[in-house]
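Numbers 1 to 813, taken from the numbering used here, label the letters of the first sequence in order.
A few of these clues could be false.
Claimed, not checked - Taking lysine-lysine pairs in the PhoX-like style, the calculated list, with each CA pair at most 20 Å apart, reads: (1) 564 x 31; (2) 283 x 351; (3) 371 x 357; (4) 631 x 141; (5) 517 x 29; (6) 686 x 724; (7) 417 x 406; (8) 484 x 509; (9) 6 x 791; (10) 745 x 675; (11) 30 x 631; (12) 449 x 357; (13) 799 x 746; (14) 351 x 25; (15) 141 x 91; (16) 764 x 732; (17) 564 x 214; (18) 186 x 282; (19) 133 x 152; (20) 440 x 408; (21) 764 x 745; (22) 675 x 697; (23) 97 x 109; (24) 387 x 408; (25) 631 x 713; (26) 440 x 477; (27) 238 x 160; (28) 512 x 141; (29) 30 x 724; (30) 613 x 214; (31) 11 x 112; (32) 689 x 643; (33) 220 x 745; (34) 791 x 801; (35) 271 x 300; (36) 160 x 19; (37) 631 x 662; (38) 658 x 11.
Calculated directly from the structure, the hints in this document are not laboratory data.
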Amino acid sequence: MKMNFKAIEKKWQKRWEDKKAFSAKEDSKKKKFYVLEMYPYPSGSGLHMGHAFNYTIGDILARFKRMNGFNVLYPMGYDSFGLPAENAAIKAGKHPKKSTDEAIKKYIKQQKTLGLSYDWNRILMSHDSEYYKWNQFWFLKFLEKGLVYRKKSPVNWCSKCNTVLANEQVLGGCCWRHEDTEVKIKHLEQWFIKTTAYANELLDCIDNLQWPDKIKTMQKNWIGKSHGTEIDFEVNGKKFPVFTTRPDTIYGVTFMVISAQHPRLMEFVTKEQKKEVERFLKKIKRVSQKSMKEVEELDKEGVFTGSYAVNPVTKEKVPVWAGNFVVADYGSGMVMAVPAHDQRDFEFAKKYNINIKVVIQPETYELDAKKMSRAYTGEGNLINSDKFNNMNNREAIIKITKFLEKNKLGRETIQFKLRDWLISRQRYWGTPIPVVYCNKCGIVPVPEKDLPVLLPMNVKFGEGNPLATNEKFVNTKCPKCGSKARRETDTMDTFFDSSWYYMRYCDNKNKKEPFDKKKVNYWMPVDQYIGGAEHACLHLLYSRFFTKALRDMGFVKFGEPFIKLFNQGMLHGEDGAVMSKSRGNVVLPEEISERYGIDTARLFLMSIASPDKDIEWSDRGIEGSSRFIRKVINYFDKVEIIKNVEARIESKLNKTIKEVTKDIECLRYNLAIIKIRDLFNSLPEKVSKDVLEKSLKLFHPFCPHITEELWEKLGNKSFITLEKWPIADEKKIDERFDMQEQAVKKLKSDIEQIKKLTGKKAPKVYVYVLPRELEIYKSVDGIKVFAVNDKNKYDPENKSKKAKPNKPAIYLE
RNA sequence: GCGGGAGUGCCGGAGUGGUCAAACGGGCAGGACUUAAGAUCCUGUGGCUUAGUGCCUACGCAGGUUCGAAUCCUGUCUCCCGCACCA
Numbered sequence: 001m002k003m004n005f006k007a008i009e010k011k012w013q014k015r016w017e018d019k020k021a022f023s024a025k026e027d028s029k030k031k032k033f034y035v036l037e038m039y040p041y042p043s044g045s046g047l048h049m050g051h052a053f054n055y056t057i058g059d060i061l062a063r064f065k066r067m068n069g070f071n072v073l074y075p076m077g078y079d080s081f082g083l084p085a086e087n088a089a090i091k092a093g094k095h096p097k098k099s100t101d102e103a104i105k106k107y108i109k110q111q112k113t114l115g116l117s118y119d120w121n122r123i124l125m126s127h128d129s130e131y132y133k134w135n136q137f138w139f140l141k142f143l144e145k146g147l148v149y150r151k152k153s154p155v156n157w158c159s160k161c162n163t164v165l166a167n168e169q170v171l172g173g174c175c176w177r178h179e180d181t182e183v184k185i186k187h188l189e190q191w192f193i194k195t196t197a198y199a200n201e202l203l204d205c206i207d208n209l210q211w212p213d214k215i216k217t218m219q220k221n222w223i224g225k226s227h228g229t230e231i232d233f234e235v236n237g238k239k240f241p242v243f244t245t246r247p248d249t250i251y252g253v254t255f256m257v258i259s260a261q262h263p264r265l266m267e268f269v270t271k272e273q274k275k276e277v278e279r280f281l282k283k284i285k286r287v288s289q290k291s292m293k294e295v296e297e298l299d300k301e302g303v304f305t306g307s308y309a310v311n312p313v314t315k316e317k318v319p320v321w322a323g324n325f326v327v328a329d330y331g332s333g334m335v336m337a338v339p340a341h342d343q344r345d346f347e348f349a350k351k352y353n354i355n356i357k358v359v360i361q362p363e364t365y366e367l368d369a370k371k372m373s374r375a376y377t378g379e380g381n382l383i384n385s386d387k388f389n390n391m392n393n394r395e396a397i398i399k400i401t402k403f404l405e406k407n408k409l410g411r412e413t414i415q416f417k418l419r420d421w422l423i424s425r426q427r428y429w430g431t432p433i434p435v436v437y438c439n440k441c442g443i444v445p446v447p448e449k450d451l452p453v454l455l456p457m458n459v460k461f462g463e464g465n466p467l468a469t470n471e472k473f474v475n476t477k478c479p480k481c482g483s484k485a486r487r488e489t490d491t492m493d494t495f496f497d498s499s500w501y502y503m504r505y506c507d508n509k510n511k512k513e514p515f516d517k518k519k520v521n522y523w524m525p526v527d528q529y530i531g532g533a534e535h536a537c538l539h540l541l542y543s544r545f546f547t548k549a550l551r552d553m554g555f556v557k558f559g560e561p562f563i564k565l566f567n568q569g570m571l572h573g574e575d576g577a578v579m580s581k582s583r584g585n586v587v588l589p590e591e592i593s594e595r596y597g598i599d600t601a602r603l604f605l606m607s608i609a610s611p612d613k614d615i616e617w618s619d620r621g622i623e624g625s626s627r628f629i630r631k632v633i634n635y636f637d638k639v640e641i642i643k644n645v646e647a648r649i650e651s652k653l654n655k656t657i658k659e660v661t662k663d664i665e666c667l668r669y670n671l672a673i674i675k676i677r678d679l680f681n682s683l684p685e686k687v688s689k690d691v692l693e694k695s696l697k698l699f700h701p702f703c704p705h706i707t708e709e710l711w712e713k714l715g716n717k718s719f720i721t722l723e724k725w726p727i728a729d730e731k732k733i734d735e736r737f738d739m740q741e742q743a744v745k746k747l748k749s750d751i752e753q754i755k756k757l758t759g760k761k762a763p764k765v766y767v768y769v770l771p772r773e774l775e776i777y778k779s780v781d782g783i784k785v786f787a788v789n790d791k792n793k794y795d796p797e798n799k800s801k802k803a804k805p806n807k808p809a810i811y812l813e
């Protein structure tokens, strides 16, 4: 039978759509299952095989779960706000709205041809005011709750993006979109979301998530909790708290270092030192313009500020230095330096000839401050530490902290690396922040009833922030007092959009509220989330924050958005590089579909390796999948349907059902495919309809169109995709058949071996077996089988006497 | 520097304590079919060896634990990824 793949694909795609085969309704009594892929940014260049790979992973699971009786929610939407569209607008003069709408249209068309079983009715787009209106709604709610605040602070600025960035969007000191562009620090007044309010919970709940360990670790490290002690040092008569994890070394402090980027640095600089400090600041600024590599290898450098700090326990005066290696916004931006027991402090002290004082003595040898070549950071007993002498340093950490607390000189504390999320963006193509500035009332939130604050369409690009230059947008009236006011012209980080879109799918058309609570509580959390690992500390973290915040405001009843997370691998082109348009190594689904049908592409993508691994596209490799598909089609064309099948087939079928079911559940699609192939390869020419149907069902999630077609060909009127997944009948699984299969294999290889040894190319083969084994071997092709006790057997060399149980004797002639 | 992962045949990849020379696919070789090519089908594809089901060798490298290791442990090399002066 020849199959017109294209026609078949269209036929079934249309039927699925017409009959709303994949529409999800929450009133079902069935158990829900929410499968979701991270919604894509609709780039103008459309989809390539890499996208197909990604979406197929989810589609297979969605179809599988549906067939297993789950009420499946499997939606798709578009992360359609963002810089690329706006930059394209500046370059090409095309309005982002227009290019975005076109790109989305293209995406939908392409995704539909992939045969993905989305419920298209639930589509959402973040640039739709029906969606971003609710971003504004959440912003106001957060504001009410004190989870949003405006603050002037040093922020990351990317000169290429022309906007500030969140901490999470700075990678290795550079912009996440521009690897070659180092972010600059600007002091600006910006909107922040208080993600740190949930730092503890965000950290603690990670352990309960069924996420890849890698992502969990990354997120844990990003949140970065450390226990320590805050110690008050007195500088110029003012208290200055300093965070340390090593209060046991307090007696070893010989200097202090304040971050060169510290906003209060100049307060500590004396007249005499001012010039030198300024020179130093200029110098490190120059260095920071250089490449990241050089910064990495940077020496610890610093300059004396002229001020002194008083050690609260020793009352000693120690110099305060400004240093390039102290992080300004961690702790208080100043550290106590203990050169004897901290490598960085050690290097610094050596360089500037600062005193080194040993206060921890290791058990096995004696430290000498003058001879040390590096800091001793291990454990030991305290010395030079007054009443804490001889105490083990672990104990001293606790005791000294208690002592400080008692004397109100310090306190036990916890520090996080996590910063609040900066969401202001000085860009046009995003959600307007719903706030106005009134000369009389100050910052006034836009009332809920006035939402959405619409993004104006008629704007000028290329002359700064198009919102700021749009008088019509900017000038407004204060909602409180009615006098003249100006609108906030910053828009929200698009990660705000993606922090809750998965909830909107549950009720995407709601005009009165972001979503109906009942619906969200029915569908959420997402049971299986699929997407790239690059979002470990971005989208995945923000979404977790959002969920917790919404829970505490009573909007939802769950605290985690994504129960299971799966990171798909990257598809590489035949040249070995990640498939991308800029690389020029893309393979387009359309082309492959034209030649082989999309099912073949799906099958191939899933067979290469486990879907969490990086894989390489291969034009040759797909031939193998194509061959198999043709084989299956031909088989259905010729197969003769009979009532009963051999127990051997039943055993194989049920074993395959059992294993494939498990494999798909664990997203081990590659293994499932191997077993399905094996099953089809071992089906005989005459077989029962039941076996055919069950086999076809197992195959369906991978190749949905062809299996529908064959299902129909078997005389079925229903959709196979809505049929019940077969259940393995354990009673029918008989390992003996496998053993027999092995035995036959072994016999064949033995015959081959003898052929090789004797040099006989196409001999006649006679096999002698024990009478009870006759059944096992009699159907093997190309050999003549005798029972050893057969009087009429042909055995000129009397080989039959060599036959043993499970070891047939062989004679070649 | 710290953290995570990986190193198996000609190649992509299975296998995570015994039944494994290693699933499945690709490639290659031989055969069948064909005037021929393609498609298709069959067979082979570490080495040795006796007309056989045996032996040896292999899972980056070197050791160790174990009756037994690709699989566990230690060291070491290489590669990939993430974080990076967080006190």
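Checked against the structure, which of the hints given earlier come out wrong?
-> 4, 6, 7, 8, 9, 11, 12, 14, 15, 16, 19, 20, 27, 33, 35, 36, 37 and 38
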